[in-house]
Amino acid sequence: MDTAVVVILSALTSIAILLLTSLGLAVVFGLMRIVNMAHGEFLMIGAFATTTLVRSGAMPLWMAVLSAAAFCALIGVVVEVAFIRPLHGRRLIDTLLATFGLSLVMYQIAVDIFGTASPGIDAPPGWLQLGRYSVSYYSLALPFIAVVVTLLLYLLFKSTRYGLLARAAAQDAEMASALGVEVRRVNLYTFVLGCALAGLGGALLSPVVAVSPGVGQSYIGQAFMTVVTGGPAFLLGTLSASALLGGVANVISQFSTNMWGLTGLLLVAAVLVRVLPRGLSGNWSRQL
Amino acid sequence: MQITNGGKGSGEIQPESADQFKSGRRNFLRVAGGLAFVRAMPSYAVGGPIHVASMFDVTGGLSIYGLPEMNVSRMAIDHLNKSGGVLGRQLQLHEFDTQSKIELYSRYAQEISANDDIAVVVGCITGASREAARPILSKNGKLLFFPSVDEGGECDKYTFMQGTDCLQMETPLVNWAMKNAGKTFYVVAADYVYGHVATAWTKSLVEKAGGSIVGVEFIPLDVSDFGATIRKIQTAKPAVIMSNLVGGNHAAFYRQFAAAGLNRSIRIVSPSFGLGNEQLVLTPEETKGIVVAYSYFESLDYPENKAFVSNYHMAYPDAGPLMDLPAQVWIGWHQWKAAVEKAGSTDIDKVVNAMETGIPFQGPSGKVVMDPISHRNIQDVNLATVNAKREFEILETQRQVRPSATVVGSDSCDLVGKDKNSHRMILPKI
Amino acid sequence: MATDIVRAMAQRGLLWPVLLVGLALVLPSWISNAGALKWTLWLCYGILALSLTLVWGVAGIFSFGQNAFFGIGAYAYAVAALNFYPSTGETLSALLIAACAAALFAAALGYVMFYGRVGDVYLAIVTLSFTLILYTVMSSTAGPEFRIGVAQLGGFNGMPSLPGIAMGGTELNIKALFAFVACAGAALYALVGFLVSGKYGEVLAGLRENETRMELLGYDVRLLKLLIFTLSAALAGVGGALFAAWGTFVNPAVFSLPQAALVAIWVMVGGRGSLAGAFVGVGTVQWVCDKADAIIAQQTPLVLGVILLIVVMVFPGGIVPTLRRLFQRISPKLMSRTVAGAASANDHLTMPAALVSTPSVRGTLAARDVGKRFGGVTVLDALSIEWGSEPIHIIVGPNGAGKSTLFKLLTGQLAATRGSIEFNNTAITHLPSFERARRGLGIKLQVPSVFLGLTVEQNVRIARMAPRHNRSAKASVETVLAAVALLPQRQTIAANLSHGEQQWLEIALLIAQNPSMMLFDEPAAGMTQEERRKTVELLRRLSEQHTIVVVEHDMAFVRALAAPIVMLYQGGIFKRGSFDELSADADVRAIYLGRKRAA
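Chains as they are written, first to last, in my numbering: chain B, 1 to 288; chain X, 1 to 430; chain E, 1 to 599.
Calculated directly from the structure, the hints in this document are not laboratory data. Heads up, the beta-carbon is just placed ideally off N, CA and C, and yes, glycines get one too. Keep in mind that the hints are not guaranteed to be accurate.
[To be verified] Per label pair, the in silico range of CB-to-CB distance: (1) E:HIS430 / B:ARG274: 17 to 23 Å; (2) E:ASP554 / B:ASN283: 51 to 57 Å; (3) B:TYR137 / X:ASN115: 56 to 62 Å; (4) E:MET167 / X:LYS208: 24 to 30 Å; (5) B:ALA70 / E:HIS430: 51 to 57 Å; (6) B:GLY131 / E:TYR115: 37 to 43 Å; (7) X:GLY409 / B:ARG274: 39 to 45 Å; (8) E:ALA382 / B:ARG161: 37 to 43 Å; (9) X:VAL369 / E:ASN83: 38 to 44 Å; (10) E:GLY400 / B:ARG161: 24 to 30 Å; (11) X:VAL216 / B:ASN283: 40 to 46 Å.
[Stated by the list, open to error] If you want the footprint, here are the derived chain B segments under chain X, 3+ residues with CB under 8 Å: (12) 50-57; (13) 256-269.
Just chain B, same shape as in the assembly (with noise of 0.2 Å):
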């Protein structure tokens, strides 16, 4: 029995990890079919921001992933002004590149920064006794933060005039446009939205992974992956392949090997995207 209930939590926290680092691409890709290859490095930032202010004594954690948020929002400004809108109309393979280049930089100005063994800062303390198992407090909150942050855009896309304008400038933007949507002003907040989005990811895995500059590489392959496989509803698509990919390694992991688990989550997006080549949403009528 708690065996049961510790499985089925773990997965959680693994899914929830999964969308986390996985939102901020899915946005910036499904409302402005960008590639962000710096998404790893939002990642990372948001990881290296929370572990300085957290041990610089400035603040409690939850205040510094706030922080952390906003402070990649800050650099998403400059990347977005300086770097995708003046590409805005060329080809997708142009802002893959550039923001591959800009990951490039951003890698090294962080090894510059910190080196490579910087000081990480500890999680929440605190665990759950179920049975024979103790569970971190902190990956249990991992599920929980996660379901509130896609409420929230949900709302957001739902219910805020930003929110539709965003939606009508991904179906059309020559129509958006003519429409009198102001399509550069919707993209900066695009873009800058999954940026804030790549921090936050970033700064909630920081107690709980050794933060270096590379730490944001390892994420972005599952996570590109997940965008594919979640399909066009970019919000509800990206929440049913994290919880399908990220369910399926936890729980083959949990039975047989990590290398299992891996190898079965690749399986399952291939298969996906045979089957299903738009993704999961590809056949929803719903369009978030």
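Put chains X and E on the given structure of chain B with help from the hints.
Using the frame of chain B, we list chains X and E on its own:
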């Protein structure tokens, strides 16, 4: 990128390396430390300089290991030159930055092989990089000193292994755990060759000591979510975890392990923790109780070590603490020097013969002697744990631990007997 | 004289290969071993970059996982060489096996992607994921059970001590290997250059410029993409095998994300449209990587990132095209191909006696009970309609009546939710677009759909080459262009034509395709009064041999065509009749004036 510096014989520093020294904070400090520049040194040279090489990953993902190793290499050459050189000749170090790219090991190994002047290489970090370079070097008659800890199995007449092997590290760890923690072991290991071989050693050592293995798990190198592993560990309820994890992603294991409160009841022993300065990345709360085994720690109380440490930190004030790998680089250069002077020549076969006589060297890690059969050092192994200041504190010292000449479950190596012409790697049969 | 030869060779893409072979034979005697090693590596990378240039620059498919095939080639070479070299004493067979292995994987992946219609954005991510999956899989082969013959895969550590390129029991030394790889690179370059400069090259260019048009002309786009993807993978595989032979080892790093991106960077820096750019890009980027450390110590990624940003933002064309433009400005004679003199304005539509030498059979087309729903919205509802009884048929209707959707169902760009479609009395309801086109169904789309980056003449040639089932005669390029009065602009890039001229060019493509049934979706849109008059004349002329269906808004145009009209409204047929009948109908006028029809 190849930088030639040091050495009076060929004199001037090339413009590009001069440029290099002008920029970059680290390099500025290097100049300020007065170590890398040997331009102003008087010449003791009888003939020309002896050319020697180092290749390490000074940039890229592995620079965490490579940068201190290259720094110490430079420091050792400088030290040898100041104390009269080797055979009265100055040394000229050719530095190769392999940029954490394995294909550069192959390329630079071929480049070194094609250069008749280069007498010896102290270099390579991972087993993979060594296996990319070693066959090329030994095929072309170049001597290699490998300064990393490794899994064992190298059996090459022209290669000397400085670091401790699995058996040297794991024997004291298993014995210590059996005595202080308990008899049930759970093994978590990185899913690559080192992890597999180390795990095989753990199994055989634990069984020999009368303990039992309650679980083994191999973790792919890019995994950093250990939820499933931690659940399985709790099911198996071991007294001790033998961690053969490596790299940045795997450091997350210790965090998630501690966050679930497991470090109160289960001991972690590890022959790989700390090489990447994990004790700095993790918090003292998380590293409490982890026991490691290496031949070298910064806190060792030898006069040779005191001088070594203070020189290093004077030259590189913003560098982290010295770990086993850079110390082995220092030892490697000095063992080679002793062998060359005994042989009276840099000729590879004469130097190898001299090495095999087992000249004792008193260095930062105490006394080391080369074992002729395995081409590995007989050396002290220290057990240590991390204290609240994120430093290693030595628990106990095992004197002059012998390396293994066999590969677990497989062949044995005898480089003065049956394998005296071998240039091979013995693969484990697990 | 000498410059003439050089120019002729440059035009056939042979200049570089000859230069390379020359270099390969001359250089080794005086370059250092270090230089030979470096250049051999760059050539291996160059072959990889060349393969991406072929699939991306030429055919327009952005494969972000080209290094996957490089890696597969390297591993295949390793396994084959370790197993066979001891007995055969050569590794050339391993080279071949590497090419085949890479092609095989590419064929499987390509089948999934192209036949599953994975869009271009997703294609980039799927190919990238593919290489990252290989990275994970190959990194997990450390266990002793992963062994092929005598070759142990070795996981993260990879496979060391591979035999180099060997013939007759001896391995090539450093300089001989350099010469070998240079010759191999030159041969592959020549092969690709040959492919790209011929007919096949024009088809590939069409694929890059306008996939939809290719499909509507009757090309099987999926198959074409699969073929070119597989071929380029084989190239990459050879590059990988040479890389493994050069380094005598291989490990999963070949599948890593930085490696995947590096390939795109090379091609981007060199210029993605240029074959030579592949090698120039590799040389430049790798040289910078080697030297970056000397410029700013230990900041290689930073330097690389900045270079990439500059190239993307400032020189999106890359080095070679930029240089070529510069060169053209300095010495236009040497570099430029012969460009026809400025087109003289030709105001008269000169109609040749016959557009095609043998008349094609007039086609018949019938939609029976056809419907289309998007999600919950019904766009077309149980529509039945037949064409072919008259030379010209007209469809009118207000915006949103379902006219364009109907055309898309007929051509197969959309699948009908219900009903069936018959063409020349055979059911085509479930046939793909290109198959319908091959049977003789052609369409001119509302927004002119031509190959914008190609010349007018190339546009028409691609249409003429399109495969089709009946072997009806083809009009010559000149005849077709004369028919639409574009002969003087035959060398003009289509993008530089006026909107009306682009419309005519698209009609020219239809004429060259010579289908028995021609659909026109608003052919007069954006045309001047004079152009409309000429278009009417042209359609009349075409209707002598083809069945024509026109969707049009412009009432003067519709009247001039003087043909039976069907009016669609809200997804169904609202009225049939002649122009005069419809214009007299009060309901029709009400709809066109935007008023709601009385119930």
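Here is what the structure says about each hint:
1. E:HIS430 / B:ARG274: 17 to 23 Å: holds (21 Å)
2. E:ASP554 / B:ASN283: 51 to 57 Å: This hint is violated: roughly 38 Å between Cβ atoms.
3. B:TYR137 / X:ASN115: 56 to 62 Å: Since TYR137 of chain B and ASN115 of chain X have Cβ atoms about 60 Å apart, the given range 56 to 62 Å holds.
4. E:MET167 / X:LYS208: 24 to 30 Å: violated (51 Å)
5. B:ALA70 / E:HIS430: 51 to 57 Å: Hint holds: Cβ distance 54 Å, inside 51 to 57 Å.
6. B:GLY131 / E:TYR115: 37 to 43 Å: Taking Cβ atoms as reference, GLY131 of chain B and TYR115 of chain E lie about 51 Å apart, which means the hint is violated.
7. X:GLY409 / B:ARG274: 39 to 45 Å: holds (42 Å)
8. E:ALA382 / B:ARG161: 37 to 43 Å: holds (40 Å)
9. X:VAL369 / E:ASN83: 38 to 44 Å: holds (42 Å)
10. E:GLY400 / B:ARG161: 24 to 30 Å: holds (27 Å)
11. X:VAL216 / B:ASN283: 40 to 46 Å: holds (44 Å)
12. 50-57: violated (count 0)
13. 256-269: holds (count 5)
Violation of the numbered hints given earlier is confined to hints 2, 4, 6, 12; the remaining hints are satisfied by the structure.
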